[in-house]
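Top line first, the protein sequences correspond to chains B and W. Sequential numbering from 1 applies to the first sequence in the working numbering. Sequential numbering from 105 applies to the second sequence in the working numbering.
These are computed hints drawn from the structure, not numbers from a lab. Only a predicted model underlies this, so the values are computations on that prediction, with no experimental measurement involved. Treat each hint with caution, since some may be false.
[Claimed, not checked] Heads up, simulated SDA-like pairs for lysine to any residue below, C-alpha to C-alpha not over 25 Å straight-line:
| hint | chain 1 | residue 1 | chain 2 | residue 2 |
| --- | --- | --- | --- | --- |
| 1 | W | K371 | W | T342 |
| 2 | B | K86 | W | E155 |
| 3 | B | K86 | W | R144 |
[Said to hold, decoys possible] Here are some chain B residues pointing at chain W (derived, C-beta under 7 Å):
| hint | residue |
| --- | --- |
| 4 | K10 |
| 5 | I12 |
| 6 | C64 |
| 7 | F66 |
| 8 | Y73 |
| 9 | T74 |
| 10 | N81 |
| 11 | V82 |
| 12 | F85 |
| 13 | I87 |
| 14 | P89 |
| 15 | A92 |
| 16 | I93 |
| 17 | L96 |
Heads up, the beta-carbon is just placed ideally off N, CA and C, and yes, glycines get one too.
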Amino acid sequence: MGITKADTVKLISAEGFEFVIHKEAAMISNTLKNMLSSSGGFQETELGEVRFPEISTPILEKLCQFFYYKLRYTNSAAVKNVPEFKIEPEIAIELLMASNFLDC
Amino acid sequence: MASMQEGMHAGVSNGTSVPSLIDLCIEAILSGGLWKYQRRSLERLPSPFVERLFHRLLSSRQLSPPLLELFQACLEEVDLSGVSAVDATWLAYVGAYTHLRSLNLAACKNVTDASLWHLLGLSSLETLSLARCSRVTFVGLRHILPMTSLRSLDISETAVSPAGVNQLGVRTALTELRVGGIAIDGTTLQRLQPLSHLRLLHAWGSALTDSAAALLPTLFPCLESLSLAWTDVTRLPTLPALTSLDMSQCTVETLFERSSAVPSPLKELTLFGATVNAAAEWPALPHLARLDLAGGRARPDFFFCGRYAASLTSLDLSNTIAEDGGGGLWGLVAAAQSGGAVLPLRRLKLVGGKSLDEEELSLRGDLLLSGKMANLEELAVTGWDAGDRDWARLPAVLPRLTSLDLRAAPEHDLPMAAIGALAVLPSLVSLSISGVPSDDCGTEIAKHAQGLRSLALRGDSISDSALEPISSMPRVRSLAISGGVLTDAGVAPLAKMDALQRLDLRGCWLLTSSGLKELRKRFKDRRGPSGLSVKIEHESLPFAPDKGDAANDGPASKGNRKSGGSSNVWFGVGPGGSRSPGQFRKAGKGKGEQRQSADKGRAETSSRRDSRGSSVDERVRYKRDDLVGLQGRRLGEGWKALGVRTRRHEKELALPVPGAPFLPYGLTALASI
Numbered sequence: 001m002g003i004t005k006a007d008t009v010k011l012i013s014a015e016g017f018e019f020v021i022h023k024e025a026a027m028i029s030n031t032l033k034n035m036l037s038s039s040g041g042f043q044e045t046e047l048g049e050v051r052f053p054e055i056s057t058p059i060l061e062k063l064c065q066f067f068y069y070k071l072r073y074t075n076s077a078a079v080k081n082v083p084e085f086k087i088e089p090e091i092a093i094e095l096l097m098a099s100n101f102l103d104c
Numbered sequence: 105m106a107s108m109q110e111g112m113h114a115g116v117s118n119g120t121s122v123p124s125l126i127d128l129c130i131e132a133i134l135s136g137g138l139w140k141y142q143r144r145s146l147e148r149l150p151s152p153f154v155e156r157l158f159h160r161l162l163s164s165r166q167l168s169p170p171l172l173e174l175f176q177a178c179l180e181e182v183d184l185s186g187v188s189a190v191d192a193t194w195l196a197y198v199g200a201y202t203h204l205r206s207l208n209l210a211a212c213k214n215v216t217d218a219s220l221w222h223l224l225g226l227s228s229l230e231t232l233s234l235a236r237c238s239r240v241t242f243v244g245l246r247h248i249l250p251m252t253s254l255r256s257l258d259i260s261e262t263a264v265s266p267a268g269v270n271q272l273g274v275r276t277a278l279t280e281l282r283v284g285g286i287a288i289d290g291t292t293l294q295r296l297q298p299l300s301h302l303r304l305l306h307a308w309g310s311a312l313t314d315s316a317a318a319l320l321p322t323l324f325p326c327l328e329s330l331s332l333a334w335t336d337v338t339r340l341p342t343l344p345a346l347t348s349l350d351m352s353q354c355t356v357e358t359l360f361e362r363s364s365a366v367p368s369p370l371k372e373l374t375l376f377g378a379t380v381n382a383a384a385e386w387p388a389l390p391h392l393a394r395l396d397l398a399g400g401r402a403r404p405d406f407f408f409c410g411r412y413a414a415s416l417t418s419l420d421l422s423n424t425i426a427e428d429g430g431g432g433l434w435g436l437v438a439a440a441q442s443g444g445a446v447l448p449l450r451r452l453k454l455v456g457g458k459s460l461d462e463e464e465l466s467l468r469g470d471l472l473l474s475g476k477m478a479n480l481e482e483l484a485v486t487g488w489d490a491g492d493r494d495w496a497r498l499p500a501v502l503p504r505l506t507s508l509d510l511r512a513a514p515e516h517d518l519p520m521a522a523i524g525a526l527a528v529l530p531s532l533v534s535l536s537i538s539g540v541p542s543d544d545c546g547t548e549i550a551k552h553a554q555g556l557r558s559l560a561l562r563g564d565s566i567s568d569s570a571l572e573p574i575s576s577m578p579r580v581r582s583l584a585i586s587g588g589v590l591t592d593a594g595v596a597p598l599a600k601m602d603a604l605q606r607l608d609l610r611g612c613w614l615l616t617s618s619g620l621k622e623l624r625k626r627f628k629d630r631r632g633p634s635g636l637s638v639k640i641e642h643e644s645l646p647f648a649p650d651k652g653d654a655a656n657d658g659p660a661s662k663g664n665r666k667s668g669g670s671s672n673v674w675f676g677v678g679p680g681g682s683r684s685p686g687q688f689r690k691a692g693k694g695k696g697e698q699r700q701s702a703d704k705g706r707a708e709t710s711s712r713r714d715s716r717g718s719s720v721d722e723r724v725r726y727k728r729d730d731l732v733g734l735q736g737r738r739l740g741e742g743w744k745a746l747g748v749r750t751r752r753h754e755k756e757l758a759l760p761v762p763g764a765p766f767l768p769y770g771l772t773a774l775a776s777i
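Generate the whole structure from the sequences, applying the supplied hints.
Next up, the structure:
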């Protein structure tokens, strides 16, 4: 089962770093979900990439980690112990603003 | 794809759940302590988040005056209610919050007249609450009078005198005024005439009489909400816009005059503990949706509930004494049996009744089984026994019931047939049974009522064997068992309940603290470090408000716990019986007493403590003579004589003389020595 381009989405940070993640993971964010699944003809839907000129690379990386963390542990009957999602206090406020924007 | 995702999110309750990143971030910010140095980042945050942060820090006691400055530019609503640390220094910082719209200082006992002076700069403040700030007098009120932006003011249970309330006439833009517990009378009302836009007036416990009430329509024609509880008012004239009226503990002779052509828009009527004399004379109230007559007394011809049957959605007749018998249900039963449409009633409370007579009990049955109660969602009823055949009809006649509180008559247990019938009610979410017949009911409930979120059982015969089936109920978030003979080993299976957040085992006298600690550990082991926490309550455990609760209720929960986070899941279980009327009564008593003490003079020392040990009323802690006696004494000794710590007393002395120039509290204290 290989990964095709249609399954992924590219998130681009303020500095231009690109994160390629599964669409399924990106859908954790309600904002991204609306962007990617709407038929309103968002440019993002067609290109499969979203630019975040306001979100710096470390923050976007953390966001991507959280998408996969939540995807893995939400409603998983097999996992009994959910590990802690570690957030460094230094980036917490910035991450809060980004997560508010992305609604996740 | 999207719909599949939504489906997944909707069903969170079943498996493990992950908190949102926003919550995680807020936790991380709080735990790090770095926020103290990230002022600019804080200022960029949207204000709801800053408010959440602020109140979390407040409830964990991490905020102190110098740090308050960090939030200067970003807060719009601040709730400091019940925080005893709040004093002049705090308010000096809060006074610089430029965008503040709402400030709640309720029950901040260290807020004094002088400290209110700092709030003058809040040019956009619309809502201010000083309720129960026992050291605020008319001098303090004068400090806040120049605030032209003020729309809503609460000075209930402060030491402001009726003459002080007169001053409020200049704040013509006020739309909400709460002056409960202050003995204002008709003269004061006339002085308040300029407040013609007033929509809400709460003057419970005042000295208003019928003649004063007669002035209301001309003085405040826009009045929508009015509270005259604990007053001598017996006749209320027609108020054309009134939608909510509270005349608890009054004797009601007439309510609105009949002559009015336009029907009254009244929606809520609270007559808790009131005596209703001639309800038949009342006008038509076509919009009346909520009627609370709990603990009240009604003179004959109490069919009147039936007159409002077409609009009532919530009715509380707990402990109501109707002199015609029947607990006031005659009218409703008549309406239900007369044919016609299904009653709109959604919430019904028929709790208690010391002398439950046969007639009243059978009326309850007639009403509930009439088939016209299909809209009922919440029901609390005592002593009702439908008989085996009728219990089985229950799911058909009450299909929408989500919350049920069923209590056996004193010294009785419920029949097993009842338990079986209740368990199959289709949409039941919250079930509370008092007078559980035997352990088998656990099996019965667990077998049928799989959708339950909240379960409360009370009865002497509950033992360990009832818990095993209950522990297999997947969705239960709140479980309360009271009066049973449970053992430490018996409660162990409860750790299997993954959704459980609240476990109340008060009244289970065999349990030990070590056994409960073991149980708590089991929960932790099973759920992991970031899983849901469960709050266990028992007499052997020290009382500790858990973090989650404090965050939800805000700091208000410490002083004035009106409805905790759990009130929506189960109502009225435990030794106190029905929750809301009980609390109301307690509050009411306080009002009455304060009225009396106000009459006797304010210099009296009155300090009471309620059952939880928190201080309730500290109107004036020290007598005037004590303070005068301090003059000329050396700093330490005088205060030691009063048995107080030095810093605290410095603030006590800060009461400025009216008209004297204001000095910061330290200087005032020094100047007076």
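Chain W contact restraint for B:V82 - C-beta distance below 7 Å = At about 5 Å, which falls below the 7 Å cut-off, the nearest Cβ of chain W leaves the hint on B:V82 intact, so it holds.
Under the criterion that the straight-line Cα-Cα distance not exceed 25 Å, is the pair B:K86, W:E155 satisfied?
-> holds, 23 Å
Minimum beta-carbon distance criterion (7 Å), B:Y73 to chain W = holds, 5 Å
Let me know if the C-beta of B:F85 comes in closer than 7 Å to any C-beta of chain W, holds or violated.
-> The hint holds - B:F85 has a Cβ within 7 Å of chain W, the shortest such distance being about 6 Å.
When the least beta-carbon distance from B:C64 to chain W is tested against 7 Å, hint result | violated, 11 Å
Double-check B:I87 for me: the hint is only fine if its C-beta lies closer than 7 Å to a C-beta in chain W.
-> OK, holds: B:I87 within 7 Å of chain W, min 4 Å.
Is the interface hint for B:N81 satisfied, with its Cβ closer than 7 Å to some Cβ of chain W?
-> holds, 3 Å
Using Cβ atoms only, decide whether B:T74 comes closer than 7 Å to chain W, and label the hint accordingly.
-> It holds, given that the least Cβ distance between B:T74 and chain W is near 5 Å, below 7 Å.
Would you check whether B:A92 satisfies its interface hint, that is, whether its CB is within less than 7 Å of any CB in chain W?
-> Because about 4 Å separates B:A92 from the closest Cβ in chain W, which is inside the 7 Å limit, the hint holds.
Go through the hint on B:I12 and say holds or violated, using the shortest Cβ distance to chain W against 7 Å.
-> Given a least distance of 20 Å, the restraint on B:I12 is violated.
With a cut-off of 7 Å on the beta carbons, see whether B:K10 makes it to chain W.
-> Violated, because the Cβ-Cβ distance from B:K10 to chain W comes to roughly 18 Å (cut-off 7 Å).
Can the hint on B:P89 be confirmed by a CB-to-CB distance to chain W that is less than 7 Å?
-> holds, 2 Å
When held up to the earlier numbered hints, the structure conflicts with 4, 5, 6 and fits the remainder.
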